[in-house]
Amino acid sequence: MADSFPIDDDEIDVEDIEIRLLLEAIFQMYGYDFRSYSKASIRRRIMHRLGMSGFSSIMEMTDKVLRDRRFFVTLLNDLTVNVTEMYRDPEFYRAFREEVIPVLKTFPFIKIWHAGCSTGEEIYSMAILLEEEGLYDRAMIYATDIDKNVLAAAKKGIYSIEAVKQYGDNYRRAGGRHSLSDYFTARYDSVIMDQRLKRNIVFADHDLATDQVFGEMHVILCRNVLIYFDRALQERVIRLFVDSLDMGGYLCLGTKESLKFTGQEEAFEMINPSLRIFRKRQIRHS
Amino acid sequence: MGPVKAVVMGASWGGLNAYTQVLAALPASFPAAILLVQHQHASSENRLPWLLGRYCDLPVIAPEDKEPILPGHVYVAPPGYHMLVDQDETIAFSVGKQVHFSRPSVDELFFSAGVVYGDRLAAVILTGANDDGAAGIEYIHRRGGFTIAQSPVSSEAPTMPEAAIKTGAVSRVLDLEKIGPYLAERLQGS
Ligand SMILES: C[S@@+](CC[C@H](N)C(=O)[O-])C[C@H]1O[C@@H](n2cnc3c(N)ncnc32)[C@H](O)[C@@H]1O
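For the protein sequence lines, the chains are A and B, in the order given.
Here the UniProt record's numbering is used: position 16 in the first sequence is 16, and no number is missing along the way.
Here the UniProt record's numbering is used: position 53 in the second sequence is 53, and no number is missing along the way.
I should point out that these hints are in silico values taken from the structure, not numbers from a laboratory.
A hint or two may mislead.
[Claimed, not checked] Derived DSS-like pairs (lysine-lysine); straight-line CA-CA distance at most 30 angstroms:
#1 Lys155/A x Lys111/A
#2 Lys97/B x Lys156/A
#3 Lys5/B x Lys165/A
#4 Lys105/A x Lys39/A
Computed from a prediction, not measured in an experiment: that's the story for all the values here.
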């Protein structure tokens, strides 16, 4: 309504303070650290939950978060943004196949880290790709996420038929050699990924904001995770990746994520600029 | 009320034509940043900045995450991402759920810009076939921003401007060909 009450800058300041207190409460109570996330998205997530929950202020919601773990889990789900798909950005997987795989074929053993793997669609996409390239038996995939609930779902590898139908198209555009349906079994309205695909996957919870190096990787995929972080945290995470990568190891980011504002551009060579595939330089400049 | 720092715009069906007309009317000296959302399929190629750039004297940009928002530049939301304005006046992306069946969503841009720019923001709702942007327009209005809707009769699809107008939060309803010149005049003077 045109006559609905105005929201002045003081009110925005109050909300900002309330948001900081909520994030502090979450950190102290549950150990999840969202304090260095992009303010714009975190605010949208919180306001969305506030609207759904019927609380009259963020403060009131904070009280609930502190005292009710189940409510916290709901909010956690909002804050982590778990939306994902198989072969998201098919052109990326095609480029990976054409530009990275030939190099990986020269390695005796391949360690791949998916940081922020969400419910696992990306993991199975990679496992299938490696299988088709004849590399999977000498590969190990480390699948990590901050959110234990999505990791549990990733382990199960059960997805809705509805969603998987769309992934078939992605898979073909990504250069898939067979049919995606060769890799899962359908039951009623869901599908379960082939058990064999899980043979070389390790699932672990890992928080990019607080946890340490994950050693000597040949490839790190961290796609559509950095966009949720502020610049300082992005910088920390990229440094963590530099330290976790072998010389000549590859870093793959989401198509809208760049090293441009992280001060770490020097540490990498661009392999595919538009699809955001980078390679750690032999000699470190930074 | 200080000078307008940014103009946010949203459109869906018919948006390409509408944006072309609006942007073509803006002078190279346009003093505010422009951020726009056009509903499009996530897998579509990001050709919009290039298409719009051909008709526009301002630089049209497909922004990176964290890119600083500068006056006189046009920032186009990429397909598959919500585009938000962050507190330090930089671009922030999200791949959260679709809003009004769309990613990018107009509301996501409008709410975040409303927070940051307050009464130094203008918002424009153009042609479109759903009601994305209506809630955002209302929020921007409550923050003291200036709001414009394309007149439904001049819209290829009237639903989106109609939904915005129905909130009672639209300050001006203008025919398509008037919107660009109006923005140019109003902001040059501000
Ligand atoms: C939008 S999903 C991206 C999933 C997948 N990589 C893709 O591109 O489709 C973002 C994921 O990052 C995870 N995440 C958020 N903050 C994190 C952190 N601090 N450490 C590790 N993972 C995090 C979320 O739980 C979520 O599953």
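Here is how each hint holds up against the structure:
Simply put, lysine 155/A and lysine 111/A have alpha-carbon atoms about 18 angstroms apart, close enough for the 30 angstroms limit, and the pair holds. Restraint check for lysine 97/B and lysine 156/A: satisfied, since their Cα atoms lie roughly 22 angstroms apart, inside the 30 angstroms limit. Of the supplied pair hints, the one linking lysine 5/B and lysine 165/A is violated, its CA atoms being roughly 44 angstroms apart against a limit of 30 angstroms. Under the criterion of a C-alpha separation no larger than 30 angstroms, the hint pairing lysine 105/A with lysine 39/A is inconsistent with the structure, at around 42 angstroms.
Violated hints, in rising order: 3, 4; the structure is consistent with all others.
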